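Asker: Build the full structure now, drawing on both the sequences and the hints.
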Amino acid sequence: MFTADTGATKTIIADRVYNQIPEEKRPLSKKSVTLAGAGGTLLKELGKATFHLELGPLILDREVIVAEIEDEGLLGIDILQNENDGPADILLSKGVIKLHGVSIPCIQIGLNDDTVRNVKAADDFIIPGNSEAIIDVFVDRMEEDGIAMQHEFLIEPSENFTDKYSLIVAPAIVDTKDKVTQKLRVLNPYPTSVSINQDTCIGQAYRHDGIQMTLFDTEDNAETENFSQIRRIKSQKSEGQCLSKT
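Going by full-length UniProt numbering, the sequence shown runs without a break in its numbering and finishes at 246.
Just so you know, the hints here were simulated from the structure itself, not pulled from any lab data.
Here the structure is a predicted model, which means the values were calculated and not measured.
Yeah, the Cβ is synthetic: ideal placement off N, Cα and C, and Gly gets one too.
Incorrect hints may have been included.
[What the hints assert, rightly or not] No more than 25 Å apart at the CA atoms, straight line, and that leaves these computed lysine-lysine pairs for PhoX-like:
(1) 98 <-> 10
(2) 10 <-> 44
(3) 164 <-> 44
(4) 177 <-> 120
(5) 177 <-> 48
(6) 177 <-> 164
(7) 10 <-> 179
(8) 48 <-> 120
(9) 25 <-> 120
(10) 120 <-> 179
(11) 25 <-> 10
(12) 98 <-> 44
(13) 94 <-> 120
(14) 120 <-> 164
(15) 48 <-> 25
(16) 25 <-> 44
[What the hints assert, rightly or not] Label pairs and their calculated CB-CB ranges:
(17) 27 <-> 154: 41 to 47 Å
(18) 206 <-> 68: 26 to 32 Å
(19) 96 <-> 129: 44 to 50 Å
(20) 180 <-> 47: 39 to 45 Å
(21) 16 <-> 181: 39 to 45 Å
(22) 25 <-> 177: 50 to 56 Å
(23) 21 <-> 140: 20 to 26 Å
(24) 120 <-> 50: 34 to 40 Å
(25) 189 <-> 24: 28 to 34 Å
(26) 206 <-> 27: 23 to 29 Å
(27) 26 <-> 193: 27 to 33 Å
(28) 20 <-> 178: 39 to 45 Å
(29) 198 <-> 82: 16 to 22 Å
Answerer: Right, here's the structure in full:
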């Protein structure tokens with residue numbers, strides 16, 4: 001799936017998509033350009049080659065760059081604007097892109113949909129090998145958010161993030177009403193440390209319609225040797241007063 005990006009000068013496909021092509025059918029020439037992301041950071045480019053692109057009913061053979069990007073592919077202005085038949089018409093009201101007289105169906109993601117929010121790393125983090133860490137994340141806010149709005153969200157990692165970083169992120173239900181950041185558990189099952197940069201998109205947050213109830217705010221700190229998926233929690237205060245039954 002390509003993302004139409006009028007800010008991208010070149011059309012790019014992700015390295016992970018390129019690696020799915022049989023090896024004998026994926027020759028690349030040497031690097032020829034320097035690519036920068038939206039924030040100005042340089043992208044790691046593998047090279048370029050001519051690819052057979054299927055954009056809905058439209059089929060094109062075009063030179064495309066292979067690089068490490070979050071999206072599966074970016075459709076740049078080299079195709080959207082510089083074709084011989086003239087620039088493409090992006091008709092959001094009809095959900096199509098018209099190119100070479102062909103209507104290409106497109107999906108608008110995240111526009112005017114307050115039920116889905118992006119989740120981004122709140123800081124730079126290093127997840128040591130064979131370790132679990134708790135990181136802070138931002139859940140996108142909207143101007144329409146108010147006191148009467150529902151603030152419970154289910155956070156789930158994106159496939160792009162787990163594929164790129166090889167980390168396991170535990171889904172979590174969070175309440176964004178009173179806290180600027182939320183906490184996520186991240187597991188690194190491999191021996192090599194993994195770095196997560198600030199503002200990296202980790203996943204999406206979906207409005208949670210169920211009843212949210214916190215049983216305990218913290219785990220039992222005395223359970224230092226318990227690394228199983230089911231954690232032990234204290235069910236009594238220090239003076240012996242029972243809080244709840246488990």
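Asker: For residue 48 and residue 120, compute the direct alpha-carbon distance and say whether it is at most 25 Å.
Answerer: Measuring from Cα to Cα gives roughly 30 Å; hence the hint is violated.
Asker: Has the given pair, residue 10 with residue 179, been kept, meaning a C-alpha gap of at most 25 Å?
Answerer: violated, 40 Å
Asker: Please check whether residue 120 and residue 50 have a Cβ separation lying inside 34 to 40 Å.
Answerer: holds, 35 Å
Asker: Assess, step by step, whether the Cα of residue 25 is no farther than 25 Å from the Cα of residue 44, and give holds or violated.
Answerer: Holds. Residue 25 to residue 44 sits at ~22 Å (cutoff 25 Å).
Asker: For the pair supplied as a hint, residue 25 and residue 10, is the alpha-carbon distance within the 25 Å limit?
Answerer: Answer holds: residue 25 to residue 10 is near 22 Å, not above 25 Å.
Asker: Quick one: are residue 27 and residue 154 within 41 to 47 Å, going by C-beta?
Answerer: The hint (41 to 47 Å, Cβ to Cβ) holds, given that residue 27 and residue 154 are roughly 43 Å apart.
Asker: Within 28 to 34 Å: is that where the Cβ-Cβ distance between residue 189 and residue 24 falls?
Answerer: Cβ of residue 189 to Cβ of residue 24: about 32 Å, so the range 28 to 34 Å holds.
Asker: Could you check the hint for me, namely that residue 206 and residue 68 are 26 to 32 Å apart, CB to CB?
Answerer: At roughly 27 Å between Cβ atoms, residue 68 and residue 206 fall inside 26 to 32 Å, so the hint holds.
Asker: Between residue 206 and residue 27, does the C-beta distance stay in 23 to 29 Å?
Answerer: Since residue 206 and residue 27 have Cβ atoms about 41 Å apart, the given range 23 to 29 Å is violated.
Asker: Using the C-beta atoms of residue 16 and residue 181, is the stated range 39 to 45 Å upheld?
Answerer: violated, 29 Å
Asker: Would the pair residue 98 and residue 44 pass a check requiring their Cα atoms to be no farther apart than 25 Å?
Answerer: violated, 31 Å
Asker: Between residue 98 and residue 10, does the CA-CA distance stay at or below 25 Å?
Answerer: Distance ~19 Å between residue 98 and residue 10 Cα, so the pair holds.
Going through the hint list in order, the structure does not satisfy hints 5, 6, 7, 8, 9, 12, 13, 21, 23, 26 and 29.
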